[in-house]
Amino acid sequence: MTERWETVEAINAARAAMEQRLGWEQPAAWGLLTPDGAVVRANVRGGYLPGVAVATVVGYRSGTGSYPLPAAAIAEAIAMVEPGEACTDIPHPNLAVLRSLSGRDVVVAFVSEADFAADAADRYVAALMTEIRRAA
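In our numbering, the protein residues as written are 225 to 360.
Rather than coming from a laboratory, the hints here were simulated on the basis of the structure. Keep in mind that this is a model prediction, so the values were computed, not measured. Do not take every clue at face value.
[To be verified] Simulated DEER-style distance windows between Cβ atoms: (1) R347 / E233: 36 to 42 Å; (2) A345 / A262: 16 to 22 Å; (3) A360 / D260: 21 to 27 Å; (4) T354 / A310: 31 to 37 Å; (5) A295 / A241: 36 to 42 Å; (6) G270 / G327: 23 to 29 Å; (7) A338 / G270: 14 to 20 Å; (8) A360 / S326: 28 to 34 Å; (9) E309 / D343: 27 to 33 Å; (10) R228 / P292: 19 to 25 Å; (11) N236 / E337: 31 to 37 Å; (12) A295 / A360: 27 to 33 Å; (13) A345 / T312: 39 to 45 Å; (14) G270 / T312: 14 to 20 Å.
Backbone N, C-alpha and C define an ideal beta-carbon position, used for all residues, glycine too.
Whenever a hint applies, use it, and build me the whole structure from the sequences.
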């Protein structure tokens, strides 16, 4: 039988377990970008289940930076997040975006709380922060 997380509590428990296994520090923001730096999805202090799934496949644990997210890694992250789709009490926009990116190579950027208000040297982090500030 396929695992299913049918409640928000079950999703939160699964996310917390993933975070603990990885030794993950939740970022203030994270997002998915195209290789040319266009922001596809930005998350501010949220979206942590798909965030930790993507972090797991790219090896991110904490800090600020960007990482290549090849198509195979996207598929792996989707598989890690899919059991949460059984919970219909919340939307799953990050999963939808990950699926829309299937078969493509993209970039994921993470921004630590300490760097959230700073100017970024990494071009993908800078693009993500520009989009977040524009949308605010």
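Quick rundown of the hints versus the structure:
A beta carbon spacing of about 39 Å between R347 and E233 agrees with the range 36 to 42 Å that was offered as a hint. Evaluation of the 16 to 22 Å hint for A345 and A262 yields a pass: the beta carbon distance comes to about 19 Å. Checking the proposed 21 to 27 Å range against A360 and D260 shows it holds: the Cβ atoms sit about 23 Å from each other. The supplied range of 31 to 37 Å is met by T354 and A310, whose beta-carbon atoms lie about 35 Å from each other.
Between A295 and A241 the beta carbons are some 26 Å apart, a value that contradicts the proposed interval 36 to 42 Å. Between G270 and G327 the C-beta distance comes to about 26 Å, which sits within the given range of 23 to 29 Å. Look at A338 against G270: about 18 Å separates their beta carbons, and that is inside 14 to 20 Å. Distance hint check for A360 and S326: the Cβ-Cβ separation is about 30 Å, which falls inside the suggested range of 28 to 34 Å.
Hint check: E309 to D343, Cβ distance near 37 Å, so the stated range 27 to 33 Å is violated. Restraint check, R228 to P292: a C-beta distance of roughly 31 Å breaks the suggested window 19 to 25 Å. Checked against the given bound of 31 to 37 Å, the beta carbons of N236 and E337, roughly 20 Å apart, lie outside it. Restraint check, A295 to A360: a C-beta distance of roughly 31 Å satisfies the suggested window 27 to 33 Å.
Hint check: A345 to T312, Cβ distance near 41 Å, so the stated range 39 to 45 Å holds. G270 and T312 have their C-beta atoms about 18 Å apart, which keeps the hinted 14 to 20 Å range intact.
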